[in-house]
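Trainee: Based on the sequences and whatever the hints tell you, model everything.
One letter stands for each residue in the lines below.
2 protein chains.
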Amino acid sequence: MSIITPVILSGGSGTRLWPASRAAFPKQLLRFIGDRTLLQATLDRLSPGPDGLFGPAAILTNVAHAAETRLQIAGFDPQPVLILEPFGRNTAACAAVAAIWAIGRGDPEGLVLLAPSDHHIPDPLPFRRAAAAAVDAARSGRLVTIGIKPAHPETGYGYIRMGGPLGEIFEAAEFVEKPDLETAKAYLADGRYYWNGGYFLFRADRMLEEMARLQPDILQAARAALAAAASSPGTIALDAAAFEACPSDSIDYAIMEKTDRIAMAPLDTAWNDLGSWAAIWEASQKDASGNALFGDVLVLDANDCLVRTDGPQVTVIETRDLVVIVERGAVLVAPKDKVQKVKAIVEALRRAGRQDLI
Amino acid sequence: MSIITPVILSGGSGTRLWPASRAAFPKQLLRFIGDRTLLQATLDRLSPGPDGLFGPAAILTNVAHAAETRLQIAGFDPQPVLILEPFGRNTAACAAVAAIWAIGRGDPEGLVLLAPSDHHIPDPLPFRRAAAAAVDAARSGRLVTIGIKPAHPETGYGYIRMGGPLGEIFEAAEFVEKPDLETAKAYLADGRYYWNGGYFLFRADRMLEEMARLQPDILQAARAALAAAASSPGTIALDAAAFEACPSDSIDYAIMEKTDRIAMAPLDTAWNDLGSWAAIWEASQKDASGNALFGDVLVLDANDCLVRTDGPQVTVIETRDLVVIVERGAVLVAPKDKVQKVKAIVEALRRAGRQDLI
Numbered sequence: 023m024s025i026i027t028p029v030i031l032s033g034g035s036g037t038r039l040w041p042a043s044r045a046a047f048p049k050q051l052l053r054f055i056g057d058r059t060l061l062q063a064t065l066d067r068l069s070p071g072p073d074g075l076f077g078p079a080a081i082l083t084n085v086a087h088a089a090e091t092r093l094q095i096a097g098f099d100p101q102p103v104l105i106l107e108p109f110g111r112n113t114a115a116c117a118a119v120a121a122i123w124a125i126g127r128g129d130p131e132g133l134v135l136l137a138p139s140d141h142h143i144p145d146p147l148p149f150r151r152a153a154a155a156a157v158d159a160a161r162s163g164r165l166v167t168i169g170i171k172p173a174h175p176e177t178g179y180g181y182i183r184m185g186g187p188l189g190e191i192f193e194a195a196e197f198v199e200k201p202d203l204e205t206a207k208a209y210l211a212d213g214r215y216y217w218n219g220g221y222f223l224f225r226a227d228r229m230l231e232e233m234a235r236l237q238p239d240i241l242q243a244a245r246a247a248l249a250a251a252a253s254s255p256g257t258i259a260l261d262a263a264a265f266e267a268c269p270s271d272s273i274d275y276a277i278m279e280k281t282d283r284i285a286m287a288p289l290d291t292a293w294n295d296l297g298s299w300a301a302i303w304e305a306s307q308k309d310a311s312g313n314a315l316f317g318d319v320l321v322l323d324a325n326d327c328l329v330r331t332d333g334p335q336v337t338v339i340e341t342r343d344l345v346v347i348v349e350r351g352a353v354l355v356a357p358k359d360k361v362q363k364v365k366a367i368v369e370a371l372r373r374a375g376r377q378d379l380i
Numbered sequence: 023m024s025i026i027t028p029v030i031l032s033g034g035s036g037t038r039l040w041p042a043s044r045a046a047f048p049k050q051l052l053r054f055i056g057d058r059t060l061l062q063a064t065l066d067r068l069s070p071g072p073d074g075l076f077g078p079a080a081i082l083t084n085v086a087h088a089a090e091t092r093l094q095i096a097g098f099d100p101q102p103v104l105i106l107e108p109f110g111r112n113t114a115a116c117a118a119v120a121a122i123w124a125i126g127r128g129d130p131e132g133l134v135l136l137a138p139s140d141h142h143i144p145d146p147l148p149f150r151r152a153a154a155a156a157v158d159a160a161r162s163g164r165l166v167t168i169g170i171k172p173a174h175p176e177t178g179y180g181y182i183r184m185g186g187p188l189g190e191i192f193e194a195a196e197f198v199e200k201p202d203l204e205t206a207k208a209y210l211a212d213g214r215y216y217w218n219g220g221y222f223l224f225r226a227d228r229m230l231e232e233m234a235r236l237q238p239d240i241l242q243a244a245r246a247a248l249a250a251a252a253s254s255p256g257t258i259a260l261d262a263a264a265f266e267a268c269p270s271d272s273i274d275y276a277i278m279e280k281t282d283r284i285a286m287a288p289l290d291t292a293w294n295d296l297g298s299w300a301a302i303w304e305a306s307q308k309d310a311s312g313n314a315l316f317g318d319v320l321v322l323d324a325n326d327c328l329v330r331t332d333g334p335q336v337t338v339i340e341t342r343d344l345v346v347i348v349e350r351g352a353v354l355v356a357p358k359d360k361v362q363k364v365k366a367i368v369e370a371l372r373r374a375g376r377q378d379l380i
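Line order of the protein sequences matches chains A and B. Counted from 1, the first sequence has number 32 at position 10 by my numbering; the numbering is strictly sequential. Counted from 1, the second sequence has number 106 at position 84 by my numbering; the numbering is strictly sequential.
For the record, the hints were derived by calculation from the structure and aren't laboratory data. Beta carbons are placed, not taken as given, at the ideal position from N, Cα and C, and that holds for glycine.
Counterexamples of contact, computed for chain A against chain B with all Cβ distances above 10 angstroms:
(1) Phe47
(2) Pro144
(3) Thr257
(4) Asp282
(5) Ser298
(6) Asp309
One side of the interface only, derived from the structure: several residues of chain B facing chain A at Cβ under 10 angstroms:
(7) Asp318
(8) Val346
(9) Pro357
(10) Asp359
(11) Lys363
(12) Ala370
(13) Leu371
(14) Asp378
Mentor: What follows is the structure, given as structure tokens:
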């Protein structure tokens with residue numbers, strides 16, 4: 023029998039990779055590196071494998087993305103189960119739904135790994151080793167997070183401070199908020215601070231104990247949404263009326279920062295959350311001039327650019343550190359260090375009623 | 023009776039405004055400023071008008087552009103005559119064809135104005151006044167060029183040095199080649215140097231005299247191409263076999279620099295040959311941030327940019343002096359001061375066999 027049931031969080035609708043990502047095609051359903059979508063690459067990484075570490079997965083996703091998700095998972099064996107949300111209620115609700123669903127399958131002490139669907143991890147092995155190392159602590163009742171060894175003083179992530187050893191892994195001394203740059207540099211120098219990548223391994227019954235203690239409203243709404251769910255083979259559609267009552271909170275705030283039976287499995291590997299076009303450039307293969315080019319692209323004396331097109335030919339002349347994205351009938355041109363403003367663009371398009379573009 | 027017959031040179035197939043301009047859609051058949059194509063704006067400028075200065079025009083164009091040209095002139099009354107070239111033989115051949123054709127209409131002493139079809143002149147009146155001022159000198163047998171008062175030390179044009187007064191206009195002391203920047207600055211300071219914009223006014227019989235004396239081969243080939251032309255109402259298609267024998271030379275080299283009965287009518291007006299995307303930006307209306315935006319464009323903190331799209335939405339974030347052109351399924355991104363490299367791009371696409379893009 024497999025050891026861990028992966029529950030993949032595929033509910034994101036990020037706007038930072040516009041114009042590739044759209045309401046109907048969120049980031050996790052798109053290809054950025056290689057020929058697999060991020061969701062497919064996540065399923066690959068969490069495949070059963072010869073070590074029997076992971077069992078059949080569930081995917082928590084918005085009902086609006088069910089059809090595209092089914093297409094993308096058609097080739098996987100075993101088939102992941104789809105748990106469809108009528109709308110997002112953040113990750114604490116996902117943890118509750120995942121735990122209740124796992125227990126319903128008959129193994130209350132079974133382990134669940136909550137895992138984001140939209141990260142890039144070139145080598146799956148260190149990740150699998152980190153998860154395997156966390157199994158004993160999770161079985162003993164710890165809520166275990168996988169902490170990612172920081173590669174730079176990032177201000178966009180929360181951090182976990184590593185505590186003393188705990189078998190193969192470590193105590194998690196504390197969860198800390200996104201730091202300013204000074205603090206991030208200090209964390210990097212300190213060596214005990216790891217990025218919180220949003221991976222959580224736990225025994226299903228333990229998560230429900232903590233939910234009952236700390237977030238009874240979330241637990242109750244999740245139970246009701248699953249109890250009234252419309253099910254068909256391979257698909258569970260949460261009941262909208264019941265789920266609507268669920269408070270929206272992240273698992274970090276709702277549980278991890280409030281409980282003391284936590285642990286951290288360190289992961290030292292190339293990891294990229296592909297959180298912006300600059301991150302996509304970082305993670306991409308580049309030519310000798312530092313350009314990452316995808317599609318029908320011609321560059322002349324350009325350096326360190328990211329150029330992607332899904333059809334129209336694109337020519338870029340003598341620029342540096344520029345991002346040019348041509349996707350789904352829209353074109354984005356921005357300096358690599360200004361791509362965080364894409365969020366504001368999507369907001370402006372929304373205000374302008376440009377549903378055709380968002 | 024009208025005084026001047028305009029013969030509009032519409033044979034260009036410039037590549038400097040790629041990806042808007044293509045083999046099938048040369049610059050003069052496109053809209054850059056306002057809602058008229060450059061050819062239409064040229065015909066507007068040379069319309070008969072209340073002063074009766076200009077008679078019905080002829081348009082010299084490549085046979086490949088006949089259909090699009092006919093569409094664009096459909097609204098003009100009187101209808102211009104189309105003289106179709108099977109291939110280009112440069113402007114000396116055009117001058118010969120224009121003069122022979124004009125004489126064939128029954129008025130050997132009639133005046134012909136050779137005029138490019140792809141310049142931007144916002145105000146037609148100074149141009150018409152310059153042409154009117156040149157009429158007496160042209161009637162007296164001078165080959166008159168319209169010299170454009172330089173607005174900056176341009177190195178991309180030939181110049182004409184103004185001589186002494188000649189009635190309402192001036193002697194043309196000499197035609198000089200494209201200067202280097204030092205020389206161009208000296209010309210500008212000198213005040214007697216005018217840009218050679220390629221406008222020539224002459225009596226048809228005088229042009230043929232000069233042709234017979236200086237370029238008998240061009241004259242003979244032009245005569246033969248017109249004599250064997252296939253004519254239909256409003257259209258004269260030059261005979262390809264005869265025209266093929268015509269030497270290819272510019273009217274400047276072939277005639278104007280070799281004859282001494284020349285004159286220059288000065289023209290002091292806003293004039294732009296739209297010879298690059300930077301020139302298009304110069305000539306365009308701009309917003310308060312210096313951006314010239316055409317089509318479905320959104321800019322955020324951008325300055326002095328030119329952005330054009332014929333369909334796809336384009337967003338430009340925080341850049342300066344950038345050109346972004348999205349036309350006919352291709353995208354160009356280049357700094358405004360590097361747009362001359364577009365020529366090299368078109369050449370590279372040609373070598374790569376990308377007929378779909380050129």
